[in-house]
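K.L.:
With chain A held as given, fit chain B onto it using these hints.
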Amino acid sequence: KQEVTQIPAALSVPEGENLVLNCSFTDSAIYNLQWFRQDPGKGLTSLLLIQSSQREQTSGRLNASLDKSSGRSTLYIAASQPGDSATYLCAVINDYKLSFGAGTTVTVRA
Amino acid sequence: NAGVTQTPKFQVLKTGQSMTLQCAQDMNHNSMYWYRQDPGMGLRLIYYSASEGTTDKGEVPNGYNVSRLNKREFSLRLESAAPSQTSVYFCASILQILNTEAFFGQGTRLTVV
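These protein sequence lines are chains A and B, in that order. Every letter in the first sequence is one number past the one before it in the working numbering, and letter 72, counting from 1, is 73. Every letter in the second sequence is one number past the one before it in the working numbering, and letter 23, counting from 1, is 26.
Don't read these hints as lab results, they were simulated from the structure. Given the structure is predicted, the values throughout are model-derived calculations rather than measurements. Accuracy of the hints is not assured; some may be wrong.
Said to hold, decoys possible - Calculated pairs, DSS-like style, for lysine-lysine (alpha carbon to alpha carbon, straight line, at most 25 Å):
1) A:Lys2 <-> B:Lys60
2) B:Lys12 <-> B:Lys74
3) A:Lys69 <-> B:Lys12
4) B:Lys60 <-> A:Lys98
5) B:Lys12 <-> B:Lys60
6) B:Lys60 <-> B:Lys74
7) A:Lys2 <-> A:Lys98
8) A:Lys43 <-> A:Lys69
9) A:Lys98 <-> B:Lys74
10) A:Lys98 <-> A:Lys43
11) A:Lys69 <-> A:Lys2
What the hints assert, rightly or not - Computed beta-carbon distance windows for the label pairs:
12) B:Glu104 <-> A:Gln82: 21 to 27 Å
13) B:Ser87 <-> A:Lys2: 17 to 23 Å
14) A:Ser54 <-> B:Thr114: 27 to 33 Å
15) A:Gly84 <-> B:Asp41: 34 to 40 Å
Backbone N, C-alpha and C fix where the C-beta goes; we use that ideal spot for every residue, glycine too.
In isolation and in its complexed conformation, chain A is listed as follows:
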C-alpha cells in the first residue's frame, strides 16, 4: 500500500521568504506526482504535475522536483506572498489511484 508523508505539517514564514515543502512516498513505481493547493472550505486546485520520467517541473514562482528512486518530491515557492497561505497536498499516482499526503498548512505573514 502506498504511504505518502508530508513534512512539516505546518509552516509559518514572513512574506518574501522562500518556501520548501517535502513529500515522500514508499512505493517508487509511480506514474506521476501532482501537487495541489487547497484553501479553507474549498476544493483542490492543481499546481504542478510531474511525470515519472521527469526530474523537475516549473510554473511561475513554483518549482517541483522528483527523485523517484528515493521516493521524494519537493515543492519550492519563491518569494512567498500572503496569498500563498493555504494547505499544500501532494498526491502520487500509481495503479489507477491517487494516494495523498496529509498536507502542509502554510501561513505567510505580511
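P.N.:
Quick look at chain B alone, frame taken from chain A:
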C-alpha cells in the same frame, strides 16, 4: 467549461437515511474517483472507476456504493447513513492516468446527525 461538478454542496442527514451524491465532468475524462476528507486523516479513496463500465473499491468502501452511469457521471450512494460518514466528499477525474493531471470538484459537505 465547468470541469467537475458536484451536487449538492451541503447536506444534513439523519442516521439511517439514504442519499446519492452526484458528480459530472465535461472534459471527456476516462477515470473518476470519490474521496472523503476528514481532519487529520487527509484524503482517502472510497471508490474509483478506471474507465466507463468499471468500478473498484478504494481504501474505505464500507457503507458506500457507486455507479458509473456513463462516461460523464459517477455517483456515490450512502444506503444507511451513519455519523461516522460525516465528512467532506470530493469527486475527481483524470483523462489518462499515465500523463495527465487530476481535476477535483468543489466538494460536498455532509453531516449525519
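K.L.:
Okay, Gly84 of chain A versus Asp41 of chain B on CB: inside 34 to 40 Å?
P.N.:
violated (27 Å)
K.L.:
Going straight from one Cα to the other, do Lys98 of chain A and Lys74 of chain B come out at no more than 25 Å?
P.N.:
holds (18 Å)
K.L.:
Could one say that the CB atoms of Glu104 of chain B and Gln82 of chain A fall in the range 21 to 27 Å?
P.N.:
Holds, since Glu104 of chain B and Gln82 of chain A (Cβ atoms, about 24 Å apart) stay within the stated range.
K.L.:
Within 17 to 23 Å or not, the Cβ separation of Ser87 of chain B and Lys2 of chain A?
P.N.:
Cβ of Ser87 of chain B to Cβ of Lys2 of chain A: about 21 Å, so the range 17 to 23 Å holds.
K.L.:
Is Lys60 of chain B within 25 Å of Lys74 of chain B, Cα to Cα?
P.N.:
holds (18 Å)
K.L.:
Measuring from beta carbon to beta carbon, are Ser54 of chain A and Thr114 of chain B in 27 to 33 Å?
P.N.:
The hint (27 to 33 Å, Cβ to Cβ) is violated, given that Ser54 of chain A and Thr114 of chain B are roughly 44 Å apart.
K.L.:
For the pair we were handed, Lys12 of chain B and Lys60 of chain B, check the Cα-Cα distance against 25 Å.
P.N.:
Holds, at roughly 24 Å.
K.L.:
Next pair to validate is Lys98 of chain A with Lys43 of chain A; report whether the Cα-Cα distance is within 25 Å.
P.N.:
Holds, at roughly 22 Å.
K.L.:
Would you check the hint for Lys2 of chain A and Lys98 of chain A, treating anything up to 25 Å between C-alpha atoms as holding?
P.N.:
Holds, at roughly 11 Å.
K.L.:
Keeping to a limit of 25 Å between CA atoms, is the pair of Lys69 of chain A and Lys12 of chain B held or broken?
P.N.:
violated (37 Å)
K.L.:
Check whether the Cα positions of Lys69 of chain A and Lys2 of chain A lie no farther apart than 25 Å.
P.N.:
holds (16 Å)
K.L.:
Straight-line Cα separation of Lys12 of chain B and Lys74 of chain B no greater than 25 Å?
P.N.:
holds (22 Å)
Hint compliance for this structure: hints 3, 8, 14 and 15 are broken, all remaining hints hold.
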